[in-house]
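Required output: the full structure, derived from the provided sequences and hints.
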Amino acid sequence: MSLGPSSVPALWRFARLDFDPVRQQRVLLYPEGVVLLNATGGAILDLCDGRRSIADIAAVLQERYRCDVTSDVIDYLSGLIERELVRVE
Amino acid sequence: MSSNHPTTLLAEITHRCPLHCPYCSNPLAMVGTRDELPTADWKRVLTQARELGVLQLGLSGGEPLVRGDVEELAAHAHQLGLYTTLVTSGVGLTRARATRLRDAGLEHIQVSFQDSDTATADEVAGMSAVPQKLAAAALVRELGFAFSVNVVLHRANLGRVGDIINLAAELGADRLELANTQYYGWALENRRALMPTPAQVAAADTIVEEAMRRHKGRMQIVYVLPDYHEQYPKPCYGGWGRFYLVVMPDGRTLPCHGATHITTLEFDSVRDRSLRWIWEESGAFQAFRGDEWMKEPCRSCSRKTIDFGGCRCQAFALTGDATNTDPVCTLTPLRALIDSAVQEASGPPSFQYRYLTLEPIADERAPGRG
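Those protein sequences? They're chains A and B, same order as listed.
Using the working numbering, read the first sequence as starting at 679 and increasing by one per residue.
Using the working numbering, read the second sequence as starting at 5 and increasing by one per residue.
There are no misleading hints in this set.
Covered, in the sense of this in silico footprint (three residues per stretch, anywhere, with C-beta under 8 Å from a C-beta of chain A), are these stretches of chain B: (1) 54 to 60; (2) 85 to 95.
Some, not all, of what chain B presents toward chain A, calculated at C-beta under 10 Å: (3) A150; (4) R179; (5) Q224.
These are calculated hints, taken from the structure and not from any lab test.
Computed from a prediction, not measured in an experiment: that's the story for all the values here.
Yeah, the Cβ is synthetic: ideal placement off N, Cα and C, and Gly gets one too.
Okay, structure coming up:
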């Protein structure tokens, strides 16, 4: 499946985002696994709600970071889709 | 000293289990009921684990459901923010208990299956547990837990790996862990009976790879390779004392669940020490951190940051020296130990079953009697 601006990503239903006060870091938790997130990763995943498209997500982040991040969002989510932690409708 | 936070705690809350699988990962000398940590101690351990950075908790055993406090521990773990997995045979997972566990915030349940073929499954488990396992699987699915099936693979079932994958898919598993037997403790005792042939391993590789593609997006298949048939050893839990710790039923704390087999190490207990002290200061956890302990060929090997010299428990079990290279590695002459074990694999399996055998306790008997 090719990932493009109109794709609508959502977290796997058994994965959840959390903040770890020990590491002072956002984390993605799922069965038998942990991803320690950087600030950008956390910001992208916060917006993966199964309703917003990648274009919508990039638009929100563009507002925040003042640059076009569409390809960064696609690159980042591709890795998590490969690991089946993010699913695309 | 460690700069790492551990991510994962395996809490082996009991060694009691109704099943008798001949590849059980529990030690040969198990912990009896009266030596098990009470509920309050386990809750303290979970709190300390979270403070140390642990994010993933496995409630395991033995069969954890033989204890009546799994629900209370799961609730405590949930309040701490841990992502908790119950690792169960399925025996004892009634609707009432499963419902209480869901209400407690438990997120993930792994149910073990021995085989897709009931007769062989019964033979391996040493009992007939399949109907209870099927009922447990249906409950886990119905109540909305993340649902994993785990199956240990060996010579008697590896030829049916395709059927086993189909069984897990029919049960509606979200994840399937196919773990080739690792040879410690009970499995090492039974190695000749469990060891697959190279032809079986090659055939299974093809079947599993194809199934991974076919089930992608619906059922995630995790395949733990049979390390005796590999060229290089496995990086045990990402390196000794880096991410993982195990607390045994009596509170002794290990860098991996097989570590008690290294008889030259002493393991501190959460009865006497904080989990943080054990993680940061104890001799056992420091023993094989970094690469100072390594000998050649590991010390000058570029793979030492990939596999950390392999498994310390396996090095000790097969060579008597835990600082040796894991004999699985083809860069060491110790590899001959592995090759000869693989060649011994033949004939119908005859198992030595796991029973709760405790270390003999000398003062058990009152003086002057018996």
